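Colleague: Residue-level listing of the chains:
There are 4 protein chains.
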Amino acid sequence: MISIGVIGYGYWGPNIVRNLRGLDECQVAAVCDQSPAALRRVAQTYPDLPVTANPSELLSSAEIDAVAVVTPVCTHFELAKAALENGKHVFIEKPFTSTTRQAEELIELAERKNLTIMVDHTFLFTGAVRKIRELIEEGALGDLYYYDSTRVNLGLFQHDVSVLWDLAPHDLSIMDFLIQAKPEAVIATGEAHLNGLVDVAFITVYFPRNVIAHVNVNWLSPVKVRTTLIGGEKKMLVWNDLEADEKIKVYDKGVQMNNGPGLYELLVSYRSGDMWAPRVEQTEALKAELGYFLECVTTGQTPFNDGVAGSRVVKMLEAADQSLRERGRAVRL
Amino acid sequence: MISIGVIGYGYWGPNIVRNLRGLDECQVAAVCDQSPAALRRVAQTYPDLPVTANPSELLSSAEIDAVAVVTPVCTHFELAKAALENGKHVFIEKPFTSTTRQAEELIELAERKNLTIMVDHTFLFTGAVRKIRELIEEGALGDLYYYDSTRVNLGLFQHDVSVLWDLAPHDLSIMDFLIQAKPEAVIATGEAHLNGLVDVAFITVYFPRNVIAHVNVNWLSPVKVRTTLIGGEKKMLVWNDLEADEKIKVYDKGVQMNNGPGLYELLVSYRSGDMWAPRVEQTEALKAELGYFLECVTTGQTPFNDGVAGSRVVKMLEAADQSLRERGRAVRL
Amino acid sequence: MISIGVIGYGYWGPNIVRNLRGLDECQVAAVCDQSPAALRRVAQTYPDLPVTANPSELLSSAEIDAVAVVTPVCTHFELAKAALENGKHVFIEKPFTSTTRQAEELIELAERKNLTIMVDHTFLFTGAVRKIRELIEEGALGDLYYYDSTRVNLGLFQHDVSVLWDLAPHDLSIMDFLIQAKPEAVIATGEAHLNGLVDVAFITVYFPRNVIAHVNVNWLSPVKVRTTLIGGEKKMLVWNDLEADEKIKVYDKGVQMNNGPGLYELLVSYRSGDMWAPRVEQTEALKAELGYFLECVTTGQTPFNDGVAGSRVVKMLEAADQSLRERGRAVRL
Amino acid sequence: MISIGVIGYGYWGPNIVRNLRGLDECQVAAVCDQSPAALRRVAQTYPDLPVTANPSELLSSAEIDAVAVVTPVCTHFELAKAALENGKHVFIEKPFTSTTRQAEELIELAERKNLTIMVDHTFLFTGAVRKIRELIEEGALGDLYYYDSTRVNLGLFQHDVSVLWDLAPHDLSIMDFLIQAKPEAVIATGEAHLNGLVDVAFITVYFPRNVIAHVNVNWLSPVKVRTTLIGGEKKMLVWNDLEADEKIKVYDKGVQMNNGPGLYELLVSYRSGDMWAPRVEQTEALKAELGYFLECVTTGQTPFNDGVAGSRVVKMLEAADQSLRERGRAVRL
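Chains as they are written, first to last, in the working numbering: chain A, 1 to 333; chain B, 1 to 333; chain C, 1 to 333; chain D, 1 to 333.
Honestly, the hints are just simulated from the structure, not real lab data. Just so you know, these numbers come straight off a predicted model, no measurement behind them. Just so you know, not all the hints are guaranteed correct.
Stated by the list, open to error - Calculated pairs, SDA-like style, for lysine to any residue (alpha carbon to alpha carbon, straight line, at most 25 Å):
{"hint": "1", "chain 1": "D", "residue 1": "K287", "chain 2": "A", "residue 2": "L135"}
{"hint": "2", "chain 1": "C", "residue 1": "K249", "chain 2": "D", "residue 2": "S272"}
{"hint": "3", "chain 1": "A", "residue 1": "K224", "chain 2": "B", "residue 2": "T302"}
{"hint": "4", "chain 1": "B", "residue 1": "K315", "chain 2": "A", "residue 2": "A62"}
{"hint": "5", "chain 1": "C", "residue 1": "K224", "chain 2": "D", "residue 2": "R325"}
{"hint": "6", "chain 1": "D", "residue 1": "K249", "chain 2": "B", "residue 2": "N153"}
{"hint": "7", "chain 1": "A", "residue 1": "K224", "chain 2": "C", "residue 2": "A37"}
{"hint": "8", "chain 1": "C", "residue 1": "K249", "chain 2": "B", "residue 2": "P72"}
{"hint": "9", "chain 1": "D", "residue 1": "K224", "chain 2": "C", "residue 2": "D274"}
{"hint": "10", "chain 1": "C", "residue 1": "K249", "chain 2": "A", "residue 2": "L135"}
{"hint": "11", "chain 1": "B", "residue 1": "K249", "chain 2": "C", "residue 2": "N153"}
{"hint": "12", "chain 1": "A", "residue 1": "K287", "chain 2": "C", "residue 2": "A37"}
{"hint": "13", "chain 1": "A", "residue 1": "K224", "chain 2": "B", "residue 2": "N210"}
{"hint": "14", "chain 1": "B", "residue 1": "K249", "chain 2": "C", "residue 2": "E246"}
{"hint": "15", "chain 1": "C", "residue 1": "K249", "chain 2": "D", "residue 2": "F157"}
{"hint": "16", "chain 1": "A", "residue 1": "K224", "chain 2": "B", "residue 2": "R271"}
{"hint": "17", "chain 1": "D", "residue 1": "K234", "chain 2": "C", "residue 2": "A244"}
{"hint": "18", "chain 1": "D", "residue 1": "K315", "chain 2": "C", "residue 2": "L194"}
{"hint": "19", "chain 1": "C", "residue 1": "K224", "chain 2": "D", "residue 2": "F157"}
{"hint": "20", "chain 1": "D", "residue 1": "K131", "chain 2": "C", "residue 2": "N153"}
{"hint": "21", "chain 1": "A", "residue 1": "K249", "chain 2": "D", "residue 2": "T227"}
{"hint": "22", "chain 1": "B", "residue 1": "K224", "chain 2": "A", "residue 2": "R327"}
{"hint": "23", "chain 1": "C", "residue 1": "K234", "chain 2": "B", "residue 2": "N210"}
{"hint": "24", "chain 1": "C", "residue 1": "K81", "chain 2": "D", "residue 2": "S272"}
{"hint": "25", "chain 1": "D", "residue 1": "K249", "chain 2": "A", "residue 2": "R327"}
{"hint": "26", "chain 1": "D", "residue 1": "K249", "chain 2": "B", "residue 2": "R271"}
{"hint": "27", "chain 1": "C", "residue 1": "K131", "chain 2": "B", "residue 2": "E246"}
{"hint": "28", "chain 1": "A", "residue 1": "K249", "chain 2": "D", "residue 2": "R271"}
{"hint": "29", "chain 1": "C", "residue 1": "K224", "chain 2": "D", "residue 2": "T227"}
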């Protein structure tokens, strides 16, 4: 039985606590938050759960094996470092850290202490992303051409990070998981309109072999969109995460270039066949992910969404930030 | 009665001829195309219409007042120049020319000869774009924040121009018409996958006063999308050109920043009210545009979609091309 | 402080308990269910809540002021009757009873005892239905022409009642609330395919002044549909309850008949204007309804969704059953 | 080469003429219409085509082999009868005739004269209906449960026939083609609101083996809907004719009833798998149908959409009319 302390009970923390309490392999030891209102909410829902406003209590407790860090990004490094130094495994919110340097320090520390870091890229545990990965791995799409994601809605404006660091980590981690290649360069553009933080941004990531990825994030959209197009040589797909059913539609569509009779003549032929919406697993992704965390802690296996994976996303965010500040200059990775 | 010769009877030419024949103020004098098959199609539909494979016949004919140039971009300059030199008004397909330099030469020539150039940016004559312009002009949206357009579908691959020059002229001309400001810089990214021409591209255009525009064009999308989001301080709108009715939806939604009680504290408040889909005029845009061309030729007034407007679009395309080649370097305009 | 006992903790009961516990004006005294598993679920979520498998305990308890009956229809009459006889107010699931006769007996009993009966027609408390009623009352739609509702999905098959008694009560109660007229006749058709209970059914209700209502209910549909069209002389609306936003769309569309020049000639003119999606209150309907129940109990006012309203729905269901059995014979009301 | 005369050049006639002229196996001999404006439209589009206001000219011409009757229903019988008596094959608009008796007389006459009658049920030649028929024939859906079609929009009000005779023939002919069984009884309800003709109607058709069909037709709907649900034992499908692509979606969904451990206990299990949208042929249905007519005339084979098929639809319409007049009384067929 793994004992876990949860630090942070704001927007996402309650989901972590609820799911952990539903798992037999662990118990929630205590919840920490600096806000008295948050602690009252804990007490109301779980009268039996110890609460504290002081993270050190959890971090130094001998009875706690692991810590879930569900706080603003700027606090991640300090909290995770303290947890690791105290011998605790760490489950931590995305984005992993504020800088690549911080990420590397944590990775190195965990390795030395033989501890597990898992970065909460929840989408990687959804039925939809799992199914797309499966389709790519089995070659159904053929060579990838592009990955193009739109993730826009009205708000929620963050006070500390831009829309880049708020929304794009989802797309960057999914892209990293699906494309499975080392990005070459990042170009980002964007603009701030209200509180000085960028609220509309567009990121391009160049990959080897002509694969291009693009992410459109926006806090000022009147409509909510969560749509990703993925184009491949053999098939193409659309993933609309707002669809109740039929989240993924796979199109038997494509283009073929042939040499025509003339010397420089290209014949383009289009293929347009059936569309197919595979059934997608509907279980709660966060539950699966936390179960996987417990399994990794128990067995010592390295999770695929470990600190290194989290660090790759932070590196792309840093590059995007820099590119955006320099109006689109390509930042090599 | 204005007499018009039409050069080019491929994909778009038949629409030009059909609409011109429906207008009382003009007559189609002749149609020119190099392809015998195209000329046969003309003869079949309009047995009375003279055809020729030689553009010079039209360009030098004393009976022709104006010429519609509906040919591939690379031929625009030569044909338009010859037409102007022969004293003929010019209605010309988008994009106006292959280079800004060509555009400027044609503009200067037309001015000297006192002739009209109109660039066929058909979308500017649709009920939807007219209505959006009206909403912006009357201040319904407030200060503009962003313009974000997605124009993707499968094919049609062009043999001579990339997806940038094929699809983006629509968006760039609409953006130019709606934002009514001088763009500052263009950043473009993209990739070629099949015939060496870029088939997926993303363009950002920075405007003064924090207005940012973005265009997503793609020939390799399994689904057709024609959606533009426009965000303003007071209202936001979505224009979906594929909707039969309700092409434009105006959202009474917004975000407001207020100073909170603390020194650096920002209070964000969201406004979410009614949605409204104004009725949009359904008449054929090309017919209205051609009628306007005849009117400009007759009265001598300068069309708003003249060579200068066409040149602004070409300038952005050139900049986008250059930026894309240099992997996102911002090209100042 | 009103003390309430809840009988039935299956599919809907948990929502009743959760909402009652969120209301300051009452306390949940105890929960009753015959299933030990259900009682375990209560204990898990609310360790402080007394449970029992015996409804008599609640019905005879001197400390309980009111009872919520959230059990299968066939048990409604016995439980409600016992509650009223014991001097308790009754909040009861739809449909109110299995027969009109039962409904009338309960109404009469409540009246004699001066107790409140409220039938849980939750939809009448949604922002959408409230807004439609408002539009009708203020005359925005003009004279009503028709009400046409489709409520179909896969399952959930009930073991005791047909799709008519399961899904149609929603539509019949909404229709009763919106049309506000006495129905004249009911015609129903339908078919049973699996367990002997009708799983596909179509109901027509004739109202005075040429108003016609139609309900399409189906347990065997591959897709979920919750759409109602309401046609009026001045405007028409579509209510799609599955839309996250924009549940109601009001169309400024209509048809007008004028006498033409000839004796028998009718000129039809169509009007097609803007569409408008009014913002709809998003609060939980059941919470509002339970608050209203407590208010009615406290003040003694008669709820608009009282036993009489519930009885009107039961009467239509009975008539529909009879009509369906007799293959569409019109049953007068 | 078959020579065809076309009688009626209103809404649908131009499509008949255009398609016939595109077929090599026939020539259009002449077009007849009583309206001078209609004849002017013919002359404008086809200067070479003889026109007349007098149908007798066509009907008695020795050079004409077949006649297409594209006039209002009330004129069908007289025109078709005269054509057959003059030895001409007949292609005739839906609905075939105003009464079953008329239909039978024409069928008998054609048989005696050894002539072909084809009723224009165009939908039977669309890729969508063909594909659905294929799916049913190969057993993909299993035993059919229901057929439920909604065909509503604003107008076009007819002056001579109700919405039943205007819109329902489409559904009734498709249903006849797909279900391939003899209907047992028809129940219809509906109402007239404007010009005395029923503008909203609902038809139920009972078939053997518990198959039930339902048609919802409405001239007073603010939105256009063309959706049919078909439920089968093994699979279910939705046909949305307004979708550009993906007109048909086949759902691997179903319900199974098993006996539970107890005597009377039924266990319901739901199956929910992939969705699949087969590619649907996009060729123009009317062209295929007219080609088939020419083939039948040439070879003498009896078309599947012959007078007998047309008569079955008329019989259901008559029954629906009668049922509607008697407020839903089931009319046996």
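Colleague: Taking each numbered hint in turn, which are not upheld by the structure, reported in ascending numerical order?
Modeller: 1, 2, 3, 4, 5, 7, 8, 10, 11, 17, 18, 19, 22, 23, 24, 25, 26
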